[in-house]
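S.K.: If you're matching them up, the sequences are chains Y and A in order. Residue 214 in numbering that gives the first Met the number 0 is what sits at position 215 of the first sequence, and the numbering runs on without skipping anything. Residue 240 in numbering that gives the first Met the number 0 is what sits at position 241 of the second sequence, and the numbering runs on without skipping anything.
Hints listed in this document are in silico derivations from the structure and should not be mistaken for laboratory results. Treat the hints with care, as some may be off.
Label-pair restraints from in silico Cβ distances [what the hints assert, rightly or not]:
1) A:Gln-696 with Y:Gly-234: 38 to 48 Å
2) Y:Ala-257 with A:Glu-104: 15 to 25 Å
3) Y:Ser-164 with A:Ala-468: 19 to 29 Å
4) Y:Asn-175 with A:Gln-320: 22 to 32 Å
Mimicking BS3-like on lysine-lysine, the simulated pairs with C-alpha atoms at most 25 Å apart in a straight line are [what the hints assert, rightly or not]:
5) A:Lys-670 with Y:Lys-211
6) A:Lys-409 with Y:Lys-113
7) Y:Lys-133 with Y:Lys-82
8) A:Lys-472 with A:Lys-670
9) Y:Lys-211 with A:Lys-323
10) A:Lys-129 with A:Lys-28
11) Y:Lys-133 with A:Lys-694
12) Y:Lys-39 with A:Lys-472
13) A:Lys-322 with Y:Lys-39
14) A:Lys-540 with Y:Lys-82
15) Y:Lys-133 with A:Lys-522
16) A:Lys-678 with Y:Lys-211
17) A:Lys-31 with A:Lys-322
All residues carry an ideal CB built from backbone N, CA and C; glycine is no exception.
Single-letter residue listing:
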Amino acid sequence: MKKIATATQIIAERPFYLEQAEELHIAKTAYHNGLPILLKGPTGCGKTRFMQRLAWELTRPLITVSCHDDLSTSDLIGRFLIKGGEAVWMDGPLTKAVRTGAICYLDEIVEARKDTTVVIHPLADDRRELPIEKLGETLTAPLEFMLAISYNPGYQSVLKDLKQSTRQRFVSFEFNYPPPELEARIVLEESGIEQPLAEKLVQMATMTRSLKDSGLQEGASTRLLIHAGKLIKSGIQPRTACKATITETLTDDHEMLAALEEITSSLF
Amino acid sequence: MPDAALDEIFRQIAAIWPVSHALCNSFLKTVKKGLTCLHHSQLADWVKTILAAYESGGLHQTRQLLERVEETFLCAIRGETGISLAEVTGRLQPYATGLAGHPLELIPGQEVYTDTEAVYLPPRIAIFPKQTDNFLFYKLIISFQWAFTAIGTFSLHLPEGSPAIPAATRRQRTVPPPACICLNDYFNLFAKPAVAAHLFHLGETARATTFLRERLPGLMRESAPIFQALARTIPQSAGGSTGDLQRTILLRAAQDAGETPSAPHPVTSLFDGLFRENATSQDSACFATKAYARFLDQAGEPAPPIIFQGVLRPAEVLAVQRKKRAAAKEQFIEALAAVINAQPPQDAPGEKEKNEAQGTGFPELEGQTAAVIPPEGAEKDAPDTKPPGEKTLEFITIDDSHIDLPDKLKKMAREIVEDLGQIPSQYISSAKQAAGKGLAQGNAPPPREGEPLAGANLFIFDEWDYRRAGFRKNWCSLAVKKIIPVTGTFVGNTLERYRGHLTRLKRQFEMMRNQERFVRRQKDGNEIDLDALIETLADIKAGLSPSEDLYIRLARDKRNISALFLVDMSSSTEGWVNTALKEALILMCEALEVLGDTYGIYGFSGMRRTRSELFRIKDLAEPYNDEVKGRIAAIGPQEYTRMGPPIRHLTRLLAESEARIKLLITLSDGKPEDYDDYKGEYAIEDTRHALIEAKAQGVHPFCITIDKQAHAYLPHMYGEVNYICIDEVGKLPNRIPEIYRGLTS
Ligand SMILES: Nc1ncnc2c1ncn2[C@@H]1O[C@H](COP(=O)(O)OP(=O)(O)OP(=O)(O)O)[C@@H](O)[C@H]1O
Ligand SMILES: [Mg+2]
Numbered sequence: 000m001k002k003i004a005t006a007t008q009i010i011a012e013r014p015f016y017l018e019q020a021e022e023l024h025i026a027k028t029a030y031h032n033g034l035p036i037l038l039k040g041p042t043g044c045g046k047t048r049f050m051q052r053l054a055w056e057l058t059r060p061l062i063t064v065s066c067h068d069d070l071s072t073s074d075l076i077g078r079f080l081i082k083g084g085e086a087v088w089m090d091g092p093l094t095k096a097v098r099t100g101a102i103c104y105l106d107e108i109v110e111a112r113k114d115t116t117v118v119i120h121p122l123a124d125d126r127r128e129l130p131i132e133k134l135g136e137t138l139t140a141p142l143e144f145m146l147a148i149s150y151n152p153g154y155q156s157v158l159k160d161l162k163q164s165t166r167q168r169f170v171s172f173e174f175n176y177p178p179p180e181l182e183a184r185i186v187l188e189e190s191g192i193e194q195p196l197a198e199k200l201v202q203m204a205t206m207t208r209s210l211k212d213s214g215l216q217e218g219a220s221t222r223l224l225i226h227a228g229k230l231i232k233s234g235i236q237p238r239t240a241c242k243a244t245i246t247e248t249l250t251d252d253h254e255m256l257a258a259l260e261e262i263t264s265s266l267f
Numbered sequence: 000m001p002d003a004a005l006d007e008i009f010r011q012i013a014a015i016w017p018v019s020h021a022l023c024n025s026f027l028k029t030v031k032k033g034l035t036c037l038h039h040s041q042l043a044d045w046v047k048t049i050l051a052a053y054e055s056g057g058l059h060q061t062r063q064l065l066e067r068v069e070e071t072f073l074c075a076i077r078g079e080t081g082i083s084l085a086e087v088t089g090r091l092q093p094y095a096t097g098l099a100g101h102p103l104e105l106i107p108g109q110e111v112y113t114d115t116e117a118v119y120l121p122p123r124i125a126i127f128p129k130q131t132d133n134f135l136f137y138k139l140i141i142s143f144q145w146a147f148t149a150i151g152t153f154s155l156h157l158p159e160g161s162p163a164i165p166a167a168t169r170r171q172r173t174v175p176p177p178a179c180i181c182l183n184d185y186f187n188l189f190a191k192p193a194v195a196a197h198l199f200h201l202g203e204t205a206r207a208t209t210f211l212r213e214r215l216p217g218l219m220r221e222s223a224p225i226f227q228a229l230a231r232t233i234p235q236s237a238g239g240s241t242g243d244l245q246r247t248i249l250l251r252a253a254q255d256a257g258e259t260p261s262a263p264h265p266v267t268s269l270f271d272g273l274f275r276e277n278a279t280s281q282d283s284a285c286f287a288t289k290a291y292a293r294f295l296d297q298a299g300e301p302a303p304p305i306i307f308q309g310v311l312r313p314a315e316v317l318a319v320q321r322k323k324r325a326a327a328k329e330q331f332i333e334a335l336a337a338v339i340n341a342q343p344p345q346d347a348p349g350e351k352e353k354n355e356a357q358g359t360g361f362p363e364l365e366g367q368t369a370a371v372i373p374p375e376g377a378e379k380d381a382p383d384t385k386p387p388g389e390k391t392l393e394f395i396t397i398d399d400s401h402i403d404l405p406d407k408l409k410k411m412a413r414e415i416v417e418d419l420g421q422i423p424s425q426y427i428s429s430a431k432q433a434a435g436k437g438l439a440q441g442n443a444p445p446p447r448e449g450e451p452l453a454g455a456n457l458f459i460f461d462e463w464d465y466r467r468a469g470f471r472k473n474w475c476s477l478a479v480k481k482i483i484p485v486t487g488t489f490v491g492n493t494l495e496r497y498r499g500h501l502t503r504l505k506r507q508f509e510m511m512r513n514q515e516r517f518v519r520r521q522k523d524g525n526e527i528d529l530d531a532l533i534e535t536l537a538d539i540k541a542g543l544s545p546s547e548d549l550y551i552r553l554a555r556d557k558r559n560i561s562a563l564f565l566v567d568m569s570s571s572t573e574g575w576v577n578t579a580l581k582e583a584l585i586l587m588c589e590a591l592e593v594l595g596d597t598y599g600i601y602g603f604s605g606m607r608r609t610r611s612e613l614f615r616i617k618d619l620a621e622p623y624n625d626e627v628k629g630r631i632a633a634i635g636p637q638e639y640t641r642m643g644p645p646i647r648h649l650t651r652l653l654a655e656s657e658a659r660i661k662l663l664i665t666l667s668d669g670k671p672e673d674y675d676d677y678k679g680e681y682a683i684e685d686t687r688h689a690l691i692e693a694k695a696q697g698v699h700p701f702c703i704t705i706d707k708q709a710h711a712y713l714p715h716m717y718g719e720v721n722y723i724c725i726d727e728v729g730k731l732p733n734r735i736p737e738i739y740r741g742l743t744s
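Next up, chain Y with everything else stripped away, as it sits in the complex (with noise of 0.2 Å):
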């Protein structure tokens, strides 16, 4: 049996975010006008963690699927399993949201297939209906319940482009990197370096953002500093621990890999 990657999560703890506009807020009322999201950004900026606290600050489950080309319909909304002889209905993820009232997040959803997309399409408009054929049923969505989805327009190819007819149900968000202070802030929180390091590591990422279309794909992300911060803190030298986490991650071209030890020489 094919395994898809999801996670249902009560978040019982305020997980820690930085609001960078008003998007929280947005999303709430989004939220309580039963109004599904869309998430796009570049990689670890912080989406999931945007999830993450708006279910806890909507008190709601979150389940969140990782969606790839293999993903079926069925994988979305159930199937009948066989257990003891007996045919046994499973709900899938999507189905699961919708009668608990959870929050259901599709990661990357330009990875799935058209024909899977398009099972969301009633249920990210006014009607919040989710027909499942196999059981001759039809439910509709509480209003607890929200429909989030989210993608990375940088790596688009023709084949995986969002359908029109998809995005114009949502509420989009646009995410992008922190102002400097705030991924400070962040990068501290999360790794528990000092200050002073932590807008080291900001500063360097700010550098290699720079590059972005001279040489790198793209700058380091949020997470990538974390990663970094959280090797420095375990006592790993600066930079050696940027070379491991963000240099060597960005890039596999020798000059630009020389070019970025330059950057992080000079910042430590």
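Based on the hints, put chain A with the ligands in the right spot on chain Y.
M.R.: Here is chain A with the ligands on its own, set in the frame of chain Y:
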């Protein structure tokens, strides 16, 4: 070029030609550049080295020698050591750009300085015995030069009555002094501006040292031995020379407590204050003014600057600023004019000039016909310390009607306000004027988009204007023309030359004739779909009617592809590129004949918006025959590269075809550019938009660019995944069929 040099070149050709024609070609391409640093009498030696390299390692080995005469040849014969800027640029250019946050070019020059957009550096550094130290020193110079810009050395502004303005000038002035004094004016307040500049620069270097120790602690730590070594080279002199100040800087930079000057002088302690983190460029000026008299008394010239200090060139900085400002002005006016033009026409503009500037924060605009206005109550949480000009500009009013500004224009307006504190009213009146002119020029063009005009071979297209985020309606015309076939040996030669390759190609394409793929949940097939089977068993148990779709089948789909090739025939393709393009087309046709895809070929060239030309070489329905071969052979360079109209035309042709997959493959050799204003960003944005339009109509565009460099604008223009850059013309004939194969299998 002197005759003697020419003679020498011819002599060398005679030596190279018999060894390798290709090498001779490369030699001819680079010799001119080589002669910029070689004397022609050295040419023979150079060629000897090149030939030796060729014989031992082939053409590839000689490339470095040919291209980089300075380091690979000259230095060796001079017996020089050290490291050259060319060697370190690959590594330090991204470093500089990263530091500055914008491209900061590294350029070899006589003197070290920065104009804020580039850093001028010695072409070679051979100060230290260790190469790593020489490299580090390059890095250090770059960092210091960047630091001067970052700490605001060039934006010195002395308000009236500032203690930095020498007392003598304050009293002697007959004309009222300017409201504030900037860097260049400041030096000119002194009888010896060079001395003042020297002292001010020392002060700023002190500040830069502190700044860099805070910002780039790693660099400063590693450079400590360099600082110490430099400090040792400064001659000890009687107390108070600028040499002492330089030593202070170097020792501070090295974090070396060292000896403090014995008798602290007031000027020295003023200088020490500049190492505090909150010191400003005004403080440096105060120091310079105070120290001026004292150092003037001393005989002789001031000590030469420390190498990484370089020199200050306020005039060059100013020139860069002016250039940027002028460019910003031009862009702003052009963009604003475009926005104004895009407005629906008013009954009688200009007649009721109700000159009202509802300017909050723009009193200077009273009496103008237009104003850029910040929205009221925006910026809810912006601190009040911001000057009024820094509010965001949202719209303009012209003759009473509000015009919303597109984001791009808003950004331009913001940058201008940041620079000048306001949008000069002249900018807006010029834009209005320009807008008026534009309208007069647009002579009423004929009706519908893409419809044949007059003759059946003329088509009209809109063009995308990014500045107004809208189309210029009926802006260009495109003539579809015939190309007269030539008979000759080109096709035969090409087929002969690539015979082996062609056989392989044909075999590969033959294998692609059918596309194979696995499809799940089929009624029959050669394998069981386990997932489906398990699910069905469960369904049966649950009392549902079982599905019969339980197999995985290897499906062979018939290819259903139409492809159009659009070939650049601009003048820049002259020579090699043109030949390679034609060879590639011949190979492509031969291969496609085997494959059976429908395909067509068009060439394009342009001369202004009214004369874009599209040359039909083979349309989709036409068979590949001698006539078509003759037309391919006849492809020749014409004029400019206006890419929008041909892309739009071919998109239309493809949209009409019934194929399942529609491919538009463009082959060009660089930036789109026409004779008129179809250039730069405008041309890139129009091309990009034409490609987006193509996609919207179900056409997959793919762009092949022949260029040594993969330019930064390419991903934007073509879209990250829709292009490829081929750096060597010679690879073209082999690569293009390969690319086609990749695209369609
Ligand atoms: N605004 C923020 N507040 C708190 N933490 C943040 C914030 N932004 C990013 N982070 C931190 O960055 C890390 C990466 O963020 P997250 O996992 O949410 O990225 P993502 O956008 O989901 O990336 P991907 O697209 O790769 O899944 C988080 O673990 C979190 O520590
Ligand atoms: Mg995530």
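S.K.: All the hints need checking, so say for each whether the structure fits it.
M.R.: For each hint, the structure was consulted:
Under the hint 38 to 48 Å, the C-beta atoms of A:Gln-696 and Y:Gly-234, about 59 Å apart, miss the expected range. Range check, Y:Ala-257 to A:Glu-104: Cβ separation about 19 Å, and the 15 to 25 Å hint holds. Between Y:Ser-164 and A:Ala-468, the C-beta spacing of about 24 Å keeps the proposed range 19 to 29 Å intact. Evaluation of the 22 to 32 Å hint for Y:Asn-175 and A:Gln-320 yields a pass: the beta carbon distance comes to about 30 Å.
In summary, the hint linking A:Lys-670 to Y:Lys-211 is supported, as the alpha carbons are separated by about 21 Å, within the 25 Å threshold. Only pairs whose Cα atoms come within 25 Å are accepted, and A:Lys-409 paired with Y:Lys-113 is rejected, the gap being roughly 38 Å. For the given pair, Y:Lys-133 sits about 18 Å from Y:Lys-82 by alpha-carbon distance, which is consistent with the 25 Å threshold. A threshold of 25 Å between alpha carbons decides the hint, and for A:Lys-472 with A:Lys-670 the separation of about 23 Å falls inside it, so the pair holds.
Taken as a hint, the Y:Lys-211 and A:Lys-323 pair is honoured in the structure, with Cα atoms around 23 Å apart against an allowance of 25 Å. With a C-alpha separation of about 36 Å, the suggested pair A:Lys-129 and A:Lys-28 falls outside the 25 Å cut-off, and the hint is violated. Restraint check: the Cα-Cα separation between Y:Lys-133 and A:Lys-694 comes to about 37 Å, which exceeds 25 Å; the hinted pair is violated. Between the alpha carbons of Y:Lys-39 and A:Lys-472 the distance comes to roughly 34 Å, so the proposed pair goes past 25 Å and is violated.
With a C-alpha separation of about 38 Å, the suggested pairing of A:Lys-322 with Y:Lys-39 is violated against the 25 Å cut-off. The straight-line distance between the Cα atoms of A:Lys-540 and Y:Lys-82 is roughly 10 Å, inside the 25 Å bound, and the hint therefore holds. Of the supplied pair hints, the one linking Y:Lys-133 and A:Lys-522 holds, its CA atoms being roughly 19 Å apart against a limit of 25 Å. The hinted pair formed by A:Lys-678 and Y:Lys-211 meets the criterion: a straight-line CA distance of about 24 Å does not exceed 25 Å.
For the hint pairing A:Lys-31 with A:Lys-322, the CA-to-CA distance comes to about 31 Å; that exceeds 25 Å, so the pair is violated.
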